[in-house]
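Engineer: Take a look at the letters that make up each chain.
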Amino acid sequence: MIKVSNLSFSYSEKAQSVLADINLEFDHRTTAIIGQNGAGKTTFVKLLKGLLRASQGEILIGDYDVKMKTAAELARKIGLVFQNPNDQIFKRTVLDEAMFGLLNIKMGKYTAEKLAVSALETVGLGDKLEMNPHDLSLSEKKLLCIASVVAMETDVVIFDEPTIAQDDAGKEIIRKIIQELKKKNKLVMTIIHDMDFVAENFERTIVINKGKVLLDGSTREVFSQKEVLNEANVEPPGITQLAEKLGLKKTILTVEEFLQECAK
Amino acid sequence: MKKIVVEGLKYKYPMTEELALKDISFEVEEGEFIGIIGKNSSGKSTLCQALVGLVPHFYKGAYGGKVLVDGLEVRSHTIADISLKVGMVFQNPFTQVTGSKMTVYEEIAFGLENIGLPREEMRQRIDEVLKLMKIEHVKDHSPFDLSGGQMQRMAIASIIAMKPDILVLDEPTSQLDPAGSEEVFHSIQDLSRQGITVVMAEQKIEKIAQYCSRVLLLYDGKLVDFDTPEKIFSRDDLKDYGVTAPVYTRVCKALGVKKQRCDVYPVTLEDAELALRGTIK
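Respectively, the protein sequence lines represent chains H and A. Under the UniProt record's numbering, think of the first position of the first sequence as 1, with each following residue one higher. Under the UniProt record's numbering, think of the first position of the second sequence as 1, with each following residue one higher.
One thing to keep in mind: the hints can contain errors.
The calculated lysine-lysine pairs, modelled on DSSO-like cross-linking and capped at a C-alpha distance of 27 angstroms, are [as the list claims (entries may be wrong)]: (1) 222/A - 46/H; (2) 128/H - 134/A; (3) 10/A - 222/A; (4) 212/H - 183/H; (5) 226/H - 14/H; (6) 134/A - 226/H.
Just the calculated beta-carbon pair ranges, DEER-fashion [to be verified]: (7) 264/H - 165/A: 19 to 29 angstroms; (8) 59/A - 172/H: 44 to 54 angstroms; (9) 15/H - 120/A: 46 to 56 angstroms.
If you are wondering where the hints come from, they were derived from the structure by calculation, not from laboratory data. As the structure is a prediction and not an experimental result, all values here were calculated from the model. Cβ atoms here follow ideal geometry from the backbone N, Cα and C, with glycine treated the same way.
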């Protein structure tokens, strides 16, 4: 669905490159992008979304060459939920915020409202349509941003740190949204620091370190490579570490798996 | 010595129907590291703000009961007075940044300028916290050009620079990567060992279990329990309060393996390993 070839990027000509020679292909697997702060994860997704222009290389999204399209054209194809909701929110009411993108891609008001309301209900904000987004809590703001992007029904949906400030209930909502999107055959990609959430929800994991792809594979494969992860300053999920310390041979990703393995 | 005393605290935000905090009482000793847990809108942030006086002085609203920080009654003192004793790191660093300073260095100086600290001491303290929070390399950047993680480090640095006796933090590591949040927890633990009293609201339950001396569980504005991490996370009804125990506790509980010579379940990786070693083939 997405093909990235020889992608490099730096914020200015003099500066060191943030991303160097990235080659990746994305299919329909739910994909987590992990790595330290400053590794280049957010820069990478901004390039996919066309918010930044590549210094070198090519990005194809379906049959779109990102370089040849405007950000407005790309908005129909790819949605990005920002890390900081304050960067994304600017309308006066929750409903207007969720409708904003839809109206911008020239959708009729009636349909836009219907889609927006339905997305807001999914994230549990159905009773706050008339509220000012800035009066919401941080976790609600994040959910509003997620709803606004999900409502656009783009083929590609990217989340930047969706679980920040979420409690168990919030994480459950996000988990369900990811599953729903997957069912609809969308490509879901997430930048995330919550390794437990990665282990439980993502099929593929890519580790970016210092602007390069350090590891790429099924989540289980990636979390089994402790030494390489160490290099990127990434720790496997707690349960994976515990299983490893206790000498379980299989790479364990969830509490359930751990218990099954013990019952054997 | 009791650093924080909360007695029958009740609070209602203006224009709302329901109390955000319902009759909360607890005491914290000097140098303790307290974790506040609970699902969203259970009152964690409101309680943090009540310790620094933003509740009720900034938010107004209806207030009952008593909060004493280092012997100072919050209700009858100004936020300026209280800020000399208690510092608070906000949940969203973006809301904490003053917006009036051009560099990270000056941003950290803001609070210090306000308490009229001599220039030399200001420089010394700023250099110290820049180093402690590992943001020396961005000291001349604009606060708004920082990444989420760097901004969060700056927010913590500017409060630590004030050298408060009591440090209140509202999810201070949400934007940091795992290694970064481990570092920050470590630095905060160091401060607590130096005698600073720490109160932290946090969703990262494994970290709370590892670092806190006691954990305060809130639900719907009420204090459910206030005890050691082991006791809190061994509770059978934790799920009812929208909180999940650390993975280590969940595994041990499911296998019925308690911490050695105790009636509680392990809450950290080390303790779980110790308890489970030998029981699993």
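Engineer: Each hint: holds or not?
Structural biologist: Status of the hints after comparison with the structure:
| no. | hint | verdict |
| --- | --- | --- |
| 1 | 222/A - 46/H | violated (43 angstroms) |
| 2 | 128/H - 134/A | violated (40 angstroms) |
| 3 | 10/A - 222/A | holds (10 angstroms) |
| 4 | 212/H - 183/H | violated (31 angstroms) |
| 5 | 226/H - 14/H | violated (35 angstroms) |
| 6 | 134/A - 226/H | holds (26 angstroms) |
| 7 | 264/H - 165/A: 19 to 29 angstroms | violated (53 angstroms) |
| 8 | 59/A - 172/H: 44 to 54 angstroms | violated (30 angstroms) |
| 9 | 15/H - 120/A: 46 to 56 angstroms | violated (35 angstroms) |
Checked against the numbered hints given earlier, the structure breaks hints 1, 2, 4, 5, 7, 8 and 9 and satisfies all the rest.
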